[in-house]
Amino acid sequence: MDVITLASLSEGFAVLSDPWIYVLIVFGSLVGLVFGATPGLTAPAAIALILPITYSMGIHASLALLLGVYVSGYFSGSIPAILINTPGTPGNAATTLEGYPMARAGRANEALTIAVISSFIGVAISVLLLLTVAPVMARMALTFTSVEYFALAVVGILCVAGISQGSLIKGLAAAFFGILVSTVGIDGTSGVPRFTFGMPELLGGIAIIPALIGLFAISEMLVQSRRRTTAVDALPVDSGGSILSVIGLHVRHRWTVLKSGLIGTFIGLLPGTGPAIASWIAYGDAMRSKQPGEQFGKGEARGLIACETSNNAVIGGAMIPLLTLGIPGDPVTAILIGAMMIQGVEPGPFFLRDHSGLFVAIVLMMILANIAMVATFLPLRRLAAKILKVPYHLIVPVVVVVAATAAYAVSYSAFDILLLGVFGFIGFLMMTNGFPVAAVVLGIVLGPILEKNFRNALIANNMDVTVFLTRPISGLIFFLLAATIVFMQVRKIRTARAQRTLTADTAQH
Amino acid sequence: MSLTRALQASMVLAASLTVAGMALADYPEKPIRMIIPYAQGGATDAIGRMVADPLSAALGVPVVVTNQPGAGGAVGVAAAMAAAPDGYTIVVGSDSSLSARPLMTESGYTIDSMQAVARAVEAPMTFIVAESSPINTIDDLLTAMADGNMVWSSPGVGSGPFLGAEAFFNEKGVTAQHVTADSAGEAIIKVLSGEVQMASVVGSNIAGMIGDPAQPIKVIGVASAERWSRLPDSPTFAEQGHPFDRPVWFGFVAPAGTPPEAVNTLSAEIEKILTSPESAELLATFHMTPAYQNPVEFAAQIKSEAESVAVVLQALGMQKE
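Going down the list, the sequences are from chains A and B.
Heads up, the first sequence is in the numbering used here, so the first residue is 1 and it goes up one at a time.
Heads up, the second sequence is in the numbering used here, so the first residue is 1 and it goes up one at a time.
Hints are computed from structural coordinates only; laboratory data are not their basis.
Quantities reported herein were computed from a predicted structural model and do not represent experimental measurements.
Each hint should be verified, as a subset may be incorrect.
Claimed, not checked - Derived CB-CB ranges, DEER-like:
id: 1; chain 1: B; residue 1: Thr285; chain 2: A; residue 2: Leu128; range: 33 to 39 Å
id: 2; chain 1: B; residue 1: Pro213; chain 2: A; residue 2: Val223; range: 42 to 48 Å
id: 3; chain 1: B; residue 1: Asp212; chain 2: A; residue 2: Ser225; range: 45 to 51 Å
id: 4; chain 1: B; residue 1: Pro216; chain 2: A; residue 2: Leu128; range: 55 to 61 Å
As the list claims (entries may be wrong) - Partial selection, computed: residues in chain A whose CB lies under 7 Å from chain B:
id: 5; residue: Leu203
id: 6; residue: Ala460
id: 7; residue: Met463
We treat Cβ as the ideally placed atom computed from N, Cα and C, and that holds for glycine.
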């Protein structure tokens, strides 16, 4: 099956003949830059807030804008990570370990340039993989039944727990809360309404966009407004670190670049995971292959390259399950599903076949967004520190008003503004108590996939539970999951035992 | 109630009646809200918008389209039924959301809450199977269903094709296992992946796919009285000795109590729009057929459909308490 024909290629390229597409991609890049760079505002929040203005745009323009925000939003969280030691988004937490020491040593400009070039390469690697893996995946997806979808959703829910770097239990609790929220409304399998409390507004379930804006944006604004605003001292962005020398650095560390790109893409591919996990894994991997003379934690450029390449490589990876299975790979793609459905395009196994031209256009727009990210950031990098100086008493009211408008605009329903407030407050309580809100969002999205396919699989197979193990793909997925969990537990017990022996030893001496 | 209170109340009443009377004198005099209870982009959305623009031109006031999706159209219909019955709110409803939904759940409205305006379009329920399936006819299907274990799918419990198929099964005294899908597309994928043996969908969802080697499905029966113009090569249920007529339709309703002048004006304009060549062209791309009914006929259609579906819902145990 040749999915990408000459016709779809020309259709995809034809999209680029519209000058508006370029304007929207660059505008999206700038929005992503500002949101990513402002600590507390993340790429998912930016996408959720900007979504309503795409409703009337048509699919191409809508995706141009959203992909622009997506690509640069994942990168720009590294700006505050490097300059003020505060990651702009959770995906850039690992970046602080090497980026901030570099900036302290007067190499801020070099660190920022490395971050943007690494991000560029990360996206490029992942887009290349998207282009090759998606058609294969789409073909496979046509043989997938409810059994396989259920297995994939289980992977997603277990990975969600990884979003919380801290407590696995809190991560799972947040994900399960999301699943619970997703059960509100008419149950698809029996047709019976659940948890609607007689409110017709709830028959269709909790509207995802308002809930999501509340969880991502309102909660963060509540947290910020409680914080005493103090001017942040950003480190100065010096000269030095020329683009050529930074590119040379990437060529020297090409294996780290390639490996981090692959790690990022693979993590993106897994439903439920995101840039935060990808960057920690890639960073850990770079550290393990430490060369003599490298000083991790003290401004080692290779560590920075690993983080920034992998977290942006998540983008192309996350688009694969979105476009071929209709399952989001990360929090942003969870919103992109809604953005595409609104334009009448259903992501899923038929997507590549029915919209191969659009698929080509998406790939091209991701490449353009990648270029736009570098092109808008490099000339502006001296100004980057200025973004960090925008006071929160200006950010908070503006974001709250935009958030309310965005929630209302989804279906012109005042009830959705109420939802926004409720979920904003829930998010606030979760954040102040160390629960990851991104896990709730993925729970809301994965919940129906999990439940519906579980029940469908049982109905279609005479209520035989063993079908999840006897169907090959699902059986393999569950085997790998079980193996991973056992492996992690064994390692945990061993580490605990080793620590006990160590403390016992020290106590004896 | 004190005298002043009563006086105040009657003055407000009088004032509002005067306003209502004035409003009727030259309807319409302000923008009309058209609620489309489905997401932007789908076929139903396109049909609503197809009517909205010419309607606005004909009446000389803006027709503002708002999409309020959810619960197969019930959320948007409920919102419309809660609006003032002044002729300035209409909503797109279907056989499922207007006739069946109020019988199934506390949806915030019943058939008595609505004033029929105009039925607009229809397409027949259609049964499809994979091209490689041994099932070729309705008789084959009924044989395959004899043990009650056949697995089938539809675009959702409570949707038109679901209720239509259940009504047919009920009439024939057979049962089957239903695996739900979120859309017709998903139900078709389930047929192709072999997860289900048959899917019941709206004919408009598959009319463009027949004969496409990339979508190896075949039609085993179309639930219309005559051969359907969009699928001229596919046999009807009746031709195979199982007469069963089941259109899935969409139409416009307003809240009950909407002034008859407004209803008639709207209905007459919608009828004109549906017969225009522009509409014919657009409907062809969505494989729908125009099926106008005036307010009286449409009200009767909603009611008779509700009566027939009530029997099915009772048999399935899906009627609300």
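Status of each hint after checking the structure:
The given range of 33 to 39 Å is respected by Thr285 (chain B) and Leu128 (chain A), whose C-beta atoms sit roughly 36 Å from each other. For the pair Pro213 (chain B) and Val223 (chain A), the supplied restraint of 42 to 48 Å is violated, since their beta-carbon distance comes to about 56 Å. Remark: the range hint 45 to 51 Å for Asp212 (chain B) to Ser225 (chain A) is contradicted by a beta-carbon distance near 56 Å. The hint said 55 to 61 Å for the Cβ distance between Pro216 (chain B) and Leu128 (chain A), and at roughly 32 Å that hint is violated.
With a least beta-carbon distance of about 4 Å to chain B, the hint placing Leu203 (chain A) at the interface is held under the 7 Å criterion. Because the beta carbon of Ala460 (chain A) sits about 5 Å from the nearest beta carbon in chain B, less than 7 Å, this interface hint is met. Hint status for Met463 (chain A): violated, given a least beta-carbon distance of 10 Å to chain B, over 7 Å.
Checked against the numbered hints above, the structure breaks hints 2, 3, 4 and 7 and satisfies the rest.
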